[in-house]
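*Asks:* In order, the protein sequence lines correspond to chains A and B.
Be aware that the first sequence starts at 1006, since it is given in the working numbering, and climbs by one per residue.
Be aware that the second sequence starts at 1006, since it is given in the working numbering, and climbs by one per residue.
These aren't lab readings, by the way, just hints derived from the structure by calculation.
It is possible that some hints are incorrect.
Copies of the same chain look alike in the list, so a pair counts if it works inside one copy or between any two.
Below are the SDA-like pairs computed for lysine to any residue, each with C-alpha atoms no more than 20 Å apart in a straight line [what the hints assert, rightly or not]:
no.	residue 1	residue 2
1	Lys1216	Asp1089
2	Lys1114	Ala1022
3	Lys1114	Arg1171
4	Lys1216	Val1183
5	Lys1216	Asp1169
6	Lys1216	Glu1123
7	Lys1115	Tyr1215
Protein chains: 2
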Amino acid sequence: MVDVRNLTVGVLGGTGAQGKGLAIRWAQAGLSVLIGSRSAERAEQAAEEIAEAGGGSVRGCDNSECAARADVVLAALPWEAHADTLRELRSELAEKIVIDCVNPLGFDKKGPYALEVEEGSAAQQAEALLPDSRVTAAFHHVSAVKLADTSVRHVDLDVLVLGDDREATDLVRALADVIPGVRGIYGGRLRNAHQVEALTANVIAINRRYKAHAGLRITDV
Amino acid sequence: MVDVRNLTVGVLGGTGAQGKGLAIRWAQAGLSVLIGSRSAERAEQAAEEIAEAGGGSVRGCDNSECAARADVVLAALPWEAHADTLRELRSELAEKIVIDCVNPLGFDKKGPYALEVEEGSAAQQAEALLPDSRVTAAFHHVSAVKLADTSVRHVDLDVLVLGDDREATDLVRALADVIPGVRGIYGGRLRNAHQVEALTANVIAINRRYKAHAGLRITDV
């Protein structure tokens, strides 16, 4: 398995709950973490909170610097900002492994539902906008609450990692494996990302019905 | 929890692997099982094989008789026959709980992928064709191999049960719970069925990569 502990991982949209939660765990595992945000000031503030929660090396900067300086980049952007932000970062993200964890969801009085995405999925949109990057999709169903709660020693879930580039999906799987309890499992090609993103609507429905922070495990693997 | 052991469950398309596997387990659990097929003769033959594999009460008949006589009906049809078969059975299936487990998938040299369905999903197509029935969706990711192998005492997976009718989803969950090891988990409204059906493409990709018969578990529930 790839050793990822000497890497710098950038988290675009790292001021959001999902990005923060993963940043806490990666910093705890010994990776250098760079939090990116539109505002460098808010990124620095989030980086301080993350370092306080779990320790480790965490710094904040604007999205462009984050993308340029990181070895591997998680796009934890709000869906509304996904396309515009990635389009602007095409050159900074060139040649890099990009992990898309964005779930395009809508909510109405009946609860959550999957939005239609012209490219098929957020991950495929990223692939279209970043033709020089190695785009993967992962970390869709992680509970931000459990990740941020450092008293949770064992995060009980598997992370499905999708992509067409074996070296890239292996590295992303290793980034999942450094979180105690978590396993990165290859989950198919990028063209099969839509249903993994959309399944977050079901996970939210489960959370509401069972008052849980549900995760997925893959059995027999 | 509902007691389902005194019910007669019909399995439309019960000569296929998924229907057969579930029929074996339900018959073992003490339910009366009716196998349906276009040909009553092939249904009877499948019923014999199923009874031989696991024991219990299993009989075969044509799809129409199966739908008319069963208390609850699993549609385990090939996707190609889904719409036409259900359309013909509208009156037989009226008022009944129908469980759709169909995964509309395509395969090419890159492997499996989800097909687009005009109604959104196989389950929503069933709902549109069967306006007098109580349509649910479940049993998408069960391994036919593990179900049919009665030496597997504990089938290690959860079944996501989707639907808008609480009484119906509770009954279907109970039908999952009678299989040793399996839990029925509420998985959201029927409008969120597409991604659960489509996720079967990812499960197949996992099975190929890991040489497994993968299933899902929901953690924290």
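*Asks:* If a hint holds in the structure, say so; if it doesn't, say that too.
*Replies:* Each hint tested on the structure:
1. For a Cα distance limit of 20 Å, the shortest separation of Lys1216 from Asp1089 qualifies neither inside one copy, at 35 Å, nor across copies, at 40 Å.
2. Taking the closest pair of Cα atoms, Lys1114 and Ala1022 never come within 20 Å of each other, the shortest separation being 23 Å inside a single copy and 39 Å across copies.
3. Taking the closest pair of Cα atoms, Lys1114 and Arg1171 come within 20 Å of each other only across two copies (17 Å); inside a single copy the shortest separation is 41 Å, beyond that limit.
4. For the identical chains of this complex, Lys1216 and Val1183 are neighbours neither inside a copy (27 Å) nor across copies (24 Å), given an alpha-carbon limit of 20 Å.
5. For a Cα distance limit of 20 Å, the shortest separation of Lys1216 from Asp1169 across copies, 19 Å, qualifies, whereas the shortest one inside one copy, 36 Å, does not.
6. Taking identical chains as interchangeable, the C-alpha atoms of Lys1216 and Glu1123 are never at most 20 Å apart, the minima being 33 Å within one chain and 33 Å between chains.
7. For the homomeric pair Lys1115 and Tyr1215, the shortest alpha-carbon distance inside one copy (16 Å) is at most 20 Å, but the shortest distance between copies (37 Å) is not.
Hint violations for this structure: numbers 1, 2, 4 and 6, all remaining hints satisfied.
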